[in-house]
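Here the protein sequences come in this chain order: A and B. Under our numbering, the residue at position 392 of the first sequence is numbered 397, and the numbers go up by one with no gaps. Under our numbering, the residue at position 8 of the second sequence is numbered 371, and the numbers go up by one with no gaps.
Quick caveat, the hints were computed from the structure, so don't treat them as lab data. Just so it is clear, CB atoms sit at the ideal spot from N, CA and C, and this is done for glycine as well. Incorrect hints may appear among the rest.
Below, in silico cross-link-like pairs of lysine-lysine (DSS-like), each with a Cα-Cα straight-line distance of 25 Å or less [stated by the list, open to error]:
1) A:K324 with A:K253
2) A:K242 with A:K253
3) A:K254 with A:K242
4) A:K405 with A:K422
5) A:K20 with A:K383
6) B:K430 with A:K20
7) B:K545 with A:K71
8) B:K450 with A:K20
9) B:K528 with B:K545
10) A:K383 with A:K405
11) A:K71 with B:K518
12) A:K71 with A:K53
13) A:K71 with B:K528
14) B:K545 with A:K253
15) A:K20 with B:K518
16) A:K363 with A:K417
17) B:K545 with A:K254
18) A:K417 with A:K253
19) B:K528 with A:K20
Using C-beta positions, here's what the derived DEER-type ranges look like [unchecked claim]:
20) B:I492 with A:R235: 29 to 37 Å
21) B:I554 with A:G303: 26 to 34 Å
22) B:Q534 with A:R438: 52 to 60 Å
The residues making up each chain are set out below.
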Amino acid sequence: MLSSEEIIRTVEMLKNENLDVRTVTLGISLRDCASPSADEVCGRVREKVQRHARNLVPTCERVATKYGIPIVNKRLAVTPIASVAESLRGEDFLRVARTLDQAAQEVEVNFIGGYSALVQKGFTRGDRTLLDTIPEVLSSTERVCASVNVASTRAGINMDAVSLMGQAIQETSQRTADRDGFGCAKLVVFANMPEDNPFMAGAYLGYGEPECVINVGVSGPGVVKRELERAVQSGKKLTLGDLSEIIKKTSFRVTRVGELIAREVAREMDVSFGIVDLSLAPTPTVGDSVGEILQCLGLESIGVPGSTAALALLNDAVKKGGAFASSSVGGLSGAFIPVSEDLNISRAVQQGYLTLEKLEAMTAVCSVGLDMIALPGKVDADTIAALLADEMAIGVINHKTTGVRLIPVPGKDVGDKAVFGGLFGEAYILEVRNINRSGNFVRFGGRIPAPLMSLNN
Amino acid sequence: MNDDPRMEWVAITVIGRDRPGIVANVSGVLYRHRSSIEELSQTVIRGQFAMILIASLGEGASVPALKGELRDLSRDLDLDIDLRRLKPEDLIPYQSGETEPFIITARGKDRPGLVYGITELLAERGINITNLGAQVARLGQEPEYIQVFEVDIPKRLDYGLLQEKLHQRGQEMGVSVDLQHKDIFRAINQI
């Protein structure tokens, strides 16, 4: 029998500390929707999404009510559209995107990820078409998310793709200038992209995944922060090792909740359960912040010296706790530092504590990359590409995933604020130093070869 | 266990001031009357000892004789000892149909009517309490009075609605009431 302390701690965790299942993402394979006829593709995609996903939202509501734990987002992830629409032309790619958008609206999910291509080694025709259509798709649809894998430890970095993505980001931002460049918030550029990531905007259904699968993203920076606060306030003498233990145990509990919910949703929908992604994903709500956790660890603000070490501690402890809690851990699984989605991190930018260079260093030890970062609108496409290249290199050399979501904000500069709203929050624009100085490097193009550690057979 | 029709079953309850020797004395009497203790539960609250046990009486055992000796024991040790004869069907646990296990917690200052306030809601809906405990827990600076009800809620009931009703009742009584599925507690706290 559980002790009263354990029971109350559990109740508090669920009630007060913003513990929620951040997303239940249903992956649907669209491989059987491929065809040289656009009508065929769109028809099959729409029918398949409706058939498999129509019970997703009601099932999630039911399970959430039963356990009293909110499932904040219900989403879809599909096979990379570059391969589904491989045989189609540019304007037909747009039709497919609009079909996805419509299908998502019909089943009432808030995002559908998978307008994607994997081009780390080179492009097919379909890949190129997809990349070219990204700006129009992201500015003319609501719920479609796009992602492109431009690098991997095995293949190296496709710098032609990097250059194209630099331009795509700029163009997407221009096309959504009236919304502060919001189109770019639905686009991620990856190195070593995970095939089962349930979070947007980078979710897609990888090639080895089944026909249908449920992947779940938990969260709970608030829970971790509360446990750390409690320990620090208890007056006991604590070391960083002790704090790491606390984070680990808390992550264990949070992951267990996620797995419980995930398995039940999967069972009710008669779909296989894939993984739990135990990322500490913050929201703009006060108390639900990774930045605040770093403050609990003794740093005055995220961005000051020590931030990289502290984040490394946090990221590692989260993974260890989660790995013990579930045998099916996947996706990104670690700590996120999305600048606009975390109120505390956003303020750290405003107050000058946090710079782009420090963020880049921190991406080497956390589980995403340069995420949800608002840039001055004037940054040129080649500089954006060079920033992408830097981030890809960190991922490739360190055998980890790095993802980039940069949002140039047309007409705004350092000191201004981009307002996206909802879970996307608002972001103070980060200074980019040394713009317009990297064009020649980017224009060489070609592939940065795979590093030596890729030869690990 | 319930098969032999000649077996007699009894439930015995013991209440009194707690001190060493109570269980020894009671089980000694049962042993001498060739009774077997099948299941037993005891607790101590504020120095008061309380126990319930189920015993089976073998061949040749006499319930009146057992009753008599227990009465003597109760007088000697100043305990309330009660014996209840059971029919085999009395040993079948309460069946409430298809249910889900939940845990209700009530936290706040103790006051009269707290237990009734919640259990009234449960009884109205045919919800059975399988376990009930109250303790003082020290979580933050202040110690808190906490009641924990383990309940079986029939599947046909609307959990969301019940959650609301419990919240409301809690507010009326000045305590914080929460309803949570038991699986969550297991998942979070057990390796």
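- Item | Broken hints, by number | 4, 5, 6, 8, 10, 12, 18
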